[in-house]
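Undergrad: The lines below spell out each chain.
There are 2 protein chains.
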Amino acid sequence: MKKFLNNIDDLLEESLQGFAKAHSDIIQLNEQPLFVTRNKQTTNKVALISGGGSGHEPLHTGFVGLGMLDSACPGQIFTSPTPDQMMAAAESVNNEAGILFIVKNYAGDVMNFEIAAEMLDCPYETVLIDDDVSLPKTHSTGRRGVAGTLIVEKIVGAAAEKGMNLADCKSLGDRVNQMTATMGVALNCCTVPALGKPTFELAADKIEMGVGIHGERGHDTMDIMSATDIVKIIANAIDADLNPKKSQKVLLHVNGLGSTPLMELHLIFNLAAQYWEKKGIEIYRSLVGNYTTSLDMTGCSITLTLLDDEMIHLWDAPVNTANLRWGC
Amino acid sequence: MKKFLNNIDDLLEESLQGFAKAHSDIIQLNEQPLFVTRNKQTTNKVALISGGGSGHEPLHTGFVGLGMLDSACPGQIFTSPTPDQMMAAAESVNNEAGILFIVKNYAGDVMNFEIAAEMLDCPYETVLIDDDVSLPKTHSTGRRGVAGTLIVEKIVGAAAEKGMNLADCKSLGDRVNQMTATMGVALNCCTVPALGKPTFELAADKIEMGVGIHGERGHDTMDIMSATDIVKIIANAIDADLNPKKSQKVLLHVNGLGSTPLMELHLIFNLAAQYWEKKGIEIYRSLVGNYTTSLDMTGCSITLTLLDDEMIHLWDAPVNTANLRWGC
Chain A
2 MKKFLNNIDD
12 LLEESLQGFA
22 KAHSDIIQLN
32 EQPLFVTRNK
42 QTTNKVALIS
52 GGGSGHEPLH
62 TGFVGLGMLD
72 SACPGQIFTS
82 PTPDQMMAAA
92 ESVNNEAGIL
102 FIVKNYAGDV
112 MNFEIAAEML
122 DCPYETVLID
132 DDVSLPKTHS
142 TGRRGVAGTL
152 IVEKIVGAAA
162 EKGMNLADCK
172 SLGDRVNQMT
182 ATMGVALNCC
192 TVPALGKPTF
202 ELAADKIEMG
212 VGIHGERGHD
222 TMDIMSATDI
232 VKIIANAIDA
242 DLNPKKSQKV
252 LLHVNGLGST
262 PLMELHLIFN
272 LAAQYWEKKG
282 IEIYRSLVGN
292 YTTSLDMTGC
302 SITLTLLDDE
312 MIHLWDAPVN
322 TANLRWGC
Chain X
2 MKKFLNNIDD
12 LLEESLQGFA
22 KAHSDIIQLN
32 EQPLFVTRNK
42 QTTNKVALIS
52 GGGSGHEPLH
62 TGFVGLGMLD
72 SACPGQIFTS
82 PTPDQMMAAA
92 ESVNNEAGIL
102 FIVKNYAGDV
112 MNFEIAAEML
122 DCPYETVLID
132 DDVSLPKTHS
142 TGRRGVAGTL
152 IVEKIVGAAA
162 EKGMNLADCK
172 SLGDRVNQMT
182 ATMGVALNCC
192 TVPALGKPTF
202 ELAADKIEMG
212 VGIHGERGHD
222 TMDIMSATDI
232 VKIIANAIDA
242 DLNPKKSQKV
252 LLHVNGLGST
262 PLMELHLIFN
272 LAAQYWEKKG
282 IEIYRSLVGN
292 YTTSLDMTGC
302 SITLTLLDDE
312 MIHLWDAPVN
322 TANLRWGC
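For the record, the sequence lines run as chains A and X. Basically the numbering used here = 1-based index in the first sequence + 1. Basically the numbering used here = 1-based index in the second sequence + 1.
Derived from the structure by calculation, the hints contain no laboratory data. Please read these numbers as outputs of a predicted model, since none were measured by experiment. Hints are supplied without guarantee of correctness; some may be wrong.
Listed next, the stretches of chain X that the computed footprint assigns to chain A, with coverage defined by at least 3 CB atoms under 8 Å from CB atoms of chain A [what the hints assert, rightly or not]:
{"id": "1", "stretch": "6-17"}
{"id": "2", "stretch": "263-271"}
{"id": "3", "stretch": "313-319"}
Taking lysine-lysine and the DSS-like style, the derived pairs with C-alpha atoms no more than 30 Å apart in a straight line are [said to hold, decoys possible]:
{"id": "4", "chain 1": "X", "residue 1": "K207", "chain 2": "A", "residue 2": "K207"}
{"id": "5", "chain 1": "X", "residue 1": "K280", "chain 2": "X", "residue 2": "K246"}
{"id": "6", "chain 1": "A", "residue 1": "K233", "chain 2": "X", "residue 2": "K4"}
{"id": "7", "chain 1": "A", "residue 1": "K246", "chain 2": "A", "residue 2": "K233"}
{"id": "8", "chain 1": "X", "residue 1": "K41", "chain 2": "A", "residue 2": "K250"}
{"id": "9", "chain 1": "X", "residue 1": "K246", "chain 2": "X", "residue 2": "K171"}
{"id": "10", "chain 1": "X", "residue 1": "K3", "chain 2": "A", "residue 2": "K207"}
{"id": "11", "chain 1": "X", "residue 1": "K233", "chain 2": "X", "residue 2": "K207"}
{"id": "12", "chain 1": "X", "residue 1": "K280", "chain 2": "A", "residue 2": "K4"}
Quick list of simulated restraints, FRET-style, between CB atoms [to be verified]:
{"id": "13", "chain 1": "A", "residue 1": "K279", "chain 2": "X", "residue 2": "I9", "range": "16 to 26 Å"}
{"id": "14", "chain 1": "A", "residue 1": "K138", "chain 2": "X", "residue 2": "E32", "range": "40 to 50 Å"}
{"id": "15", "chain 1": "X", "residue 1": "K207", "chain 2": "A", "residue 2": "E119", "range": "46 to 56 Å"}
{"id": "16", "chain 1": "A", "residue 1": "E217", "chain 2": "X", "residue 2": "I313", "range": "40 to 50 Å"}
{"id": "17", "chain 1": "A", "residue 1": "C329", "chain 2": "X", "residue 2": "I313", "range": "13 to 23 Å"}
{"id": "18", "chain 1": "A", "residue 1": "K279", "chain 2": "X", "residue 2": "T229", "range": "49 to 59 Å"}
{"id": "19", "chain 1": "X", "residue 1": "H140", "chain 2": "A", "residue 2": "N237", "range": "47 to 57 Å"}
{"id": "20", "chain 1": "A", "residue 1": "M223", "chain 2": "X", "residue 2": "R218", "range": "27 to 37 Å"}
{"id": "21", "chain 1": "A", "residue 1": "E283", "chain 2": "X", "residue 2": "K279", "range": "50 to 60 Å"}
{"id": "22", "chain 1": "A", "residue 1": "E283", "chain 2": "X", "residue 2": "P137", "range": "49 to 59 Å"}
C-beta: ideal position from N, C-alpha, C; glycine also.
Just chain A, with the same shape it has in the complex:
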């Protein structure tokens, strides 16, 4: 294993210190317990808190700032943050309008956010993200939350910034989640530093279809194939879930998992856009790049969100975070 680090145990902390230093105009870091907040406390708005295991940067810390999250709680790599982090973050950003937790559907995250929420002395709601259509809806622990998470964070973040109340933010978040579907594919797996080798091996002529973001295997190991065929398989799975109608406006998000060149992500975007345009779907907004990564995994995911006018308006609203920024 070759990585830029000193001691594995210090990687997360050293990295967050660098993140905080590089973006001190937008965020600040609390070290004990670990959480990130905006550097300007807000008043009179629903506070959005997300978090989860580290290793998915820029998710979630890179999305703290005006028009998006109020706080993010980073756990150790691929490990849920602890309730004390979430409690401290909530106490830090609570401003009487209530707290909305945005939680990716993993057992540890769900449990720890619940523990923290129940100890809170303020109104709160939780939006659970489960956009990964590579698992059936009937899967025992439900579907996973993956790259669609940032779309919920962006749209609900804009709504909260405009003064939407807690119940409506919760309902909007659930709606965006329901309108969003994602599926991922890996060409090579990632290496968790503490493990020191890839979490699974893929032969030189194999790809892994339906991967999540924690180096777990997908639902199918397949022969390597053209980008066009990869896009077809993923787009078909998304269509089976969302069933977009002709003339539907959509947001198309192609997300790199860590080691995939932007050039290839744009090629995938082009093919995915062509696939849906042929069906009369309107690619109305787009996002291409590394946003929800899985350390150094080579691969990508495709996310489609069915948009309505309110969602478009909120997607376009100003956002000023370390890794998503426009209109500010």
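Using the hints provided, position chain X relative to the given structure of chain A.
TA: For chain X alone, kept in the frame of chain A given last:
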């Protein structure tokens, strides 16, 4: 080799089509010959044109837009664009205030931009970028242009947007280039699609110090070492070139070469900031992420720019491109 592609020969074109589709609010693509321009023609300002081999995305196409480039000419992977691309780009964006070419110092790029410029029927100047301090100043073909290029593009782009004339833009660009030094390190090499394998091999316990951005070997193959030691070697080389004085304000840019997780880039940023802060240097502005890549190379570069008030003002000015955006 596993990559997301259909035919290797179509990779660049398919990718650029995706790029153009994803960012149609900012840029437009001309396919024959290949070049990218802003989607709104400007008037009465110096037009900035850059370009070079592809495989370094988001450089240069991702930096076309308000406050930065007027046009970018992408060559084939790691191959100079041709004079007809540059000529066509120049004719497309020329608006009587003259053209400034920003050229990384590689023989092919320099030659082709010269050929194009000499055929032009309008005033022009060229800023040659040679920020890579891993080669001695006396190197036969001079030093290479690497990650410092975008800093020149941003600062001169802002100046041109404010109406600075051609001679002053040229002089400013030269000054920023002189005040900028970069050195890169690779943990693993990149795979050029047409070659199908890494351009050089590195053992599991070796790193390559002083790499460029084309998969060429660096000046030293070294044993793997801590991130702190890597930063020291690079920072020493940069200091030897720039000799920053106490209280000097600087821009610190940590650039990922393609496959390095953001978490590790922030760790490197943290160590580099500590290194210079200990010497009394003021880390006044920062940029961390994948900006000048080398396909899927695992590695990073550190760039330092000595800032004066004019440069700070121009760095902070609004920019609205696909991959660098603030204040708009």
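Undergrad: Look at the Cβ atoms of M223 (chain A) and R218 (chain X) and judge whether their distance stays inside 27 to 37 Å.
TA: At roughly 35 Å between Cβ atoms, R218 (chain X) and M223 (chain A) fall inside 27 to 37 Å, so the hint holds.
Undergrad: Just tell me: holds or violated, for the beta carbon distance of C329 (chain A) and I313 (chain X) against 13 to 23 Å?
TA: holds (19 Å)
Undergrad: Evaluate the given range 40 to 50 Å for the C-beta pair formed by K138 (chain A) and E32 (chain X).
TA: holds (43 Å)
Undergrad: Hey, K207 (chain X) versus K207 (chain A), does the alpha-carbon distance stay inside 30 Å?
TA: holds (28 Å)
Undergrad: K279 (chain A) and I9 (chain X), beta-carbon distance inside 16 to 26 Å?
TA: holds (25 Å)
Undergrad: Would you check chain A against the stretch 6-17 of chain X, counting CB to CB pairs closer than 8 Å, and say if three or more residues qualify?
TA: holds (count 7)
Undergrad: Check the hint pairing K280 (chain X) with K4 (chain A) against an upper bound of 30 Å on the C-alpha distance.
TA: With a Cα-Cα distance of about 27 Å, the restraint between K280 (chain X) and K4 (chain A) holds, given a limit of 30 Å.
Undergrad: The hint says 49 to 59 Å between E283 (chain A) and P137 (chain X); measuring C-beta to C-beta, is that right?
TA: holds (55 Å)
Undergrad: Is the Cα-Cα distance between K280 (chain X) and K246 (chain X) 30 Å or less?
TA: holds (8 Å)
Undergrad: Compare the distance between the alpha carbons of K246 (chain A) and K233 (chain A) with 30 Å, and conclude whether the hinted pair is satisfied.
TA: Since the Cα atoms of K246 (chain A) and K233 (chain A) sit roughly 17 Å apart, the hinted pair holds (cutoff 30 Å).
Undergrad: Is it true that K207 (chain X) and E119 (chain A) lie within 46 to 56 Å of each other by Cβ?
TA: For E119 (chain A) against K207 (chain X), whose Cβ atoms are near 52 Å apart, the range 46 to 56 Å holds.
Undergrad: Range first: 50 to 60 Å. Now tell me if the beta carbons of E283 (chain A) and K279 (chain X) are that far apart.
TA: 54 Å Cβ-Cβ, so the 50 to 60 Å window holds.
Going through the hint list in order, the structure does not satisfy hint 3, though it satisfies all others.
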